[in-house]
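Participant: Each chain is listed here by its residues.
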Amino acid sequence: ETGVTQTPRHLVMGMTNKKSLKCEQHLGHNAMYWYKQSAKKPLELMFVYSLEERVENNSVPSRFSPECPNSSHLFLHLHTLQPEDSALYLCASSQDPVAGFYNEQFFGPGTRLTVL
Amino acid sequence: AQKVTQAQTEISVVEKEDVTLDCVYETRDTTYYLFWYKQPPSGELVFLIRRNSFDEQNEISGRYSWNFQKSTSSFNFTITASQVVDSAVYFCALSDTGGGNKLTFGTGTQLKVEL
Numbered sequence: 001e002t003g004v005t006q007t008p009r010h011l012v013m014g015m016t017n018k019k020s021l022k023c024e025q026h027l028g029h030n031a032m033y034w035y036k037q038s039a040k041k042p043l044e045l046m047f048v049y050s051l052e053e054r055v056e057n058n059s060v061p062s063r064f065s066p067e068c069p070n071s072s073h074l075f076l077h078l079h080t081l082q083p084e085d086s087a088l089y090l091c092a093s094s095q096d097p098v099a100g101f102y103n104e105q106f107f108g109p110g111t112r113l114t115v116l
Numbered sequence: 117a118q119k120v121t122q123a124q125t126e127i128s129v130v131e132k133e134d135v136t137l138d139c140v141y142e143t144r145d146t147t148y149y150l151f152w153y154k155q156p157p158s159g160e161l162v163f164l165i166r167r168n169s170f171d172e173q174n175e176i177s178g179r180y181s182w183n184f185q186k187s188t189s190s191f192n193f194t195i196t197a198s199q200v201v202d203s204a205v206y207f208c209a210l211s212d213t214g215g216g217n218k219l220t221f222g223t224g225t226q227l228k229v230e231l
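The listed protein sequences derive, respectively, from chains R and L.
Quick note on numbering: the first sequence equals residues 1 to 116 in my numbering.
Quick note on numbering: the second sequence equals residues 117 to 231 in my numbering.
Think of the hints as simulated: they come from the structure by calculation, not from any bench.
Here a beta-carbon is modelled for each residue, glycine too, at the ideal position from N, C-alpha and C.
Honestly, I wouldn't trust all of these hints.
Taking CB as the label site, the calculated pair distances span [as the list claims (entries may be wrong)]:
hint, chain 1, residue 1, chain 2, residue 2, range
1, R, Thr80, L, Tyr180, 40 to 48 Å
2, R, Ala39, L, Ala197, 28 to 36 Å
3, L, Ser158, R, Glu44, 34 to 42 Å
4, R, Thr16, L, Thr188, 47 to 55 Å
5, L, Glu131, R, Val12, 35 to 43 Å
6, R, Lys41, L, Ser190, 16 to 24 Å
DMTMM-like, lysine to aspartate or glutamate: derived pairs with alpha carbons at most 25 Å apart [claimed, not checked]:
hint, chain 1, residue 1, chain 2, residue 2
7, R, Lys41, L, Glu142
8, L, Lys218, R, Glu53
9, L, Lys119, R, Glu52
10, L, Lys218, R, Glu84
11, L, Lys119, R, Asp85
12, L, Lys154, R, Asp96
13, L, Lys154, L, Glu230
14, L, Lys154, R, Glu53
Only some residues are given here: those of chain R computed to face chain L with a beta carbon under 8 Å [to be verified]:
hint, residue
15, Leu27
16, Ala87
17, Leu88
Sequences are here, hints too, so could you generate the full structure?
Facilitator: Quick look at the structure:
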């Protein structure tokens, strides 16, 4: 595997279900991100992990719960979602910015989530 | 506050035409980075270019070129001799060096290249 992988690619769930999205990066990066992409909206940053610590939680509802067990893996645990949470969820990774030098983020293919 | 505006929602061109995608940004940072990403129908955002605020040289990479104008806060992207494979959504993004790892994205421009 190369780059950033995400599983599953598609997920349909009911509002009472619990599911998890998985992201794995094979680039040796030390920062990982979750984004939400809804139709006709800019990408919304949800969470940022740097060196396995959460450094950003962008006012995301508690029904989304991230987990970063190591620098290569990132999970997004989902429970009691709403239909408006249906979107493409993208994972990304990068080298953590150092001394103002900003590194590009590399994205996975996303998980298309539908909440019924 | 950071803001990125991509005023062109959708552009349609015929193959071999040149096309320019506009990006205008707002920031109070003196040091920042600008990016372009391509999102084909498969969904994955593909990194195209990073440019820092101190480097205003234009860049060319094959059929792609970028025009960074700090005076007008613009970072436009031109595809020369467009091809059907260029059909995708293109996003411009701005870094937030004060806030660490954040990127502010524009709403994207859907480019359709037809035969």
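Participant: None of the hints should be skipped; say for each whether it holds.
Facilitator: Hint check:
no.: 1; hint: Thr80/R with Tyr180/L: 40 to 48 Å; in the structure: holds (44 Å)
no.: 2; hint: Ala39/R with Ala197/L: 28 to 36 Å; in the structure: holds (31 Å)
no.: 3; hint: Ser158/L with Glu44/R: 34 to 42 Å; in the structure: violated (20 Å)
no.: 4; hint: Thr16/R with Thr188/L: 47 to 55 Å; in the structure: holds (51 Å)
no.: 5; hint: Glu131/L with Val12/R: 35 to 43 Å; in the structure: holds (37 Å)
no.: 6; hint: Lys41/R with Ser190/L: 16 to 24 Å; in the structure: holds (23 Å)
no.: 7; hint: Lys41/R with Glu142/L; in the structure: holds (18 Å)
no.: 8; hint: Lys218/L with Glu53/R; in the structure: holds (15 Å)
no.: 9; hint: Lys119/L with Glu52/R; in the structure: violated (28 Å)
no.: 10; hint: Lys218/L with Glu84/R; in the structure: holds (24 Å)
no.: 11; hint: Lys119/L with Asp85/R; in the structure: holds (24 Å)
no.: 12; hint: Lys154/L with Asp96/R; in the structure: holds (22 Å)
no.: 13; hint: Lys154/L with Glu230/L; in the structure: holds (18 Å)
no.: 14; hint: Lys154/L with Glu53/R; in the structure: violated (29 Å)
no.: 15; hint: Leu27; in the structure: violated (12 Å)
no.: 16; hint: Ala87; in the structure: violated (11 Å)
no.: 17; hint: Leu88; in the structure: holds (6 Å)
Hints 3, 9, 14, 15, 16 from the list above are not met by this structure, while the remaining hints are.
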